[in-house]
Amino acid sequence: MPSSFGFELKTLQAFVFVVETGNLTEAAKRLALSQSSVSQILAQLEESLGIQLMDRSVRPMAVTTAGRFFYDRAQGILEAAEITSKEMRKADFKLLRHVKVALVDSIITAVGKPLIDVIRNRTQNWSVVSGQSHLHSHMLLSKQVDITISDDPLDDYSGLMRQRILQEPFVLAVPINYRGGADISSVLQSLNLIRYTSNSLIGQQIEKYLRRNQLSPESHLQLDNSFAVMSAVASGIGCTITTPLCLFQSGVGLHQVQLLPLTDKLLRNISLVSRENELGDLPGTIARDCKRILLESYVNVVTAVFPWLSADITGGEAPLGKKASLGEKAPLGEKAPLGK
DNA sequence: TGGTTTATAACGGCAACTCC
DNA sequence: GGAGTTGCCGTTATAAACCA
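No gaps in the numbering here: position 28 of the first sequence is 13 in our numbering, and each next residue is one more.
The set of hints was computed from the structure by calculation and includes no laboratory data. Honestly, I wouldn't trust all of these hints.
As the list claims (entries may be wrong) - As a list, the in silico EDC-like pairs of lysine to aspartate or glutamate whose alpha-carbon atoms are at most 20 Å apart:
1) Lys193 with Glu263
2) Lys(-5) with Glu64
3) Lys85 with Glu11
4) Lys250 with Glu192
5) Lys85 with Glu263
6) Lys98 with Glu281
7) Lys193 with Asp137
8) Lys(-5) with Asp90
9) Lys128 with Glu263
10) Lys(-5) with Glu67
11) Lys128 with Glu261
12) Lys(-5) with Glu11
13) Lys193 with Asp140
14) Lys193 with Glu203
Please model the complete structure; the sequences and the hints are all you need to start from.
In structure tokens, the structure reads:
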């Protein structure tokens, strides 16, 4: 099949040899072809490109300006082809070349360092972007990233592989000196609700929950990040509905607020989503590592302060505290197993 | 003018394709 | 599956152009 580019690698090789030797006969020797063949190859190359690469008015023929430009490009193409050829022959695909991961802010703030270490150890090259989860779906579908770790499992799209790495309950966060009733109606009667902005996924989930429970607190304060929300709660401005991970990643001390359970349970899932059949077992491996990291760096810390949360924070199907993240036995409060 | 380099016509080998 | 056809790629032979 003729190449749609107007040249093939072998043709480029011949042209490069002609330029480097300045001589068809010498180039032909290097290529183990006849001088005639090289002459024809060169003529066909010029015809298909529609431009003169060699000046034949002088002997030996000289390269034209266009030819000089094409020579530089041809060298680059041949070098890339050679590298690719060597890499393919080595056939070492245990490490993927470049993996791009999008992480929801709460994950990267809470466990970013160990998680990036995991990605670094599993790939040759990597890049991580953060941001709000609603932006990640488009990036994954348009192949701007390879993996997302966020609270959006992209259930509406096919051809994706999803692995839940954390399930946690939404909770009521109230100032540390709050002494009123523990149910949400009582809390909202005495405290302003500090909301997450409605364009965030977590904000939308909370709004849905409020409508379902026929609660319509006034909207005085709407903030776009967990640090701002939790700082406002800690300083006594009001209460919020959030998750333990959001509190954990906010940087506000766990002892600076009270957490109360929601009577009508609302859960938040953090999932690792990747395109099917593209990355081998890497997504599964990273998902397992994520669960381990979350158990060690987050769950154990949070449940030490709020033991009643241990029943509701799970990774995968089983409660993280009871069956550990990797199917290992690590009761909450005990040291999670290190390493793989 | 002879040696060197390049272009071109004619031809062969081979793989892919078609037809029976 | 085998025979015929086609097109591509390469070769040889040779003519033409260039240079010292």
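Violations among the numbered hints
The structure conflicts with hints 1, 3 and 8, although it agrees with all the remaining ones.
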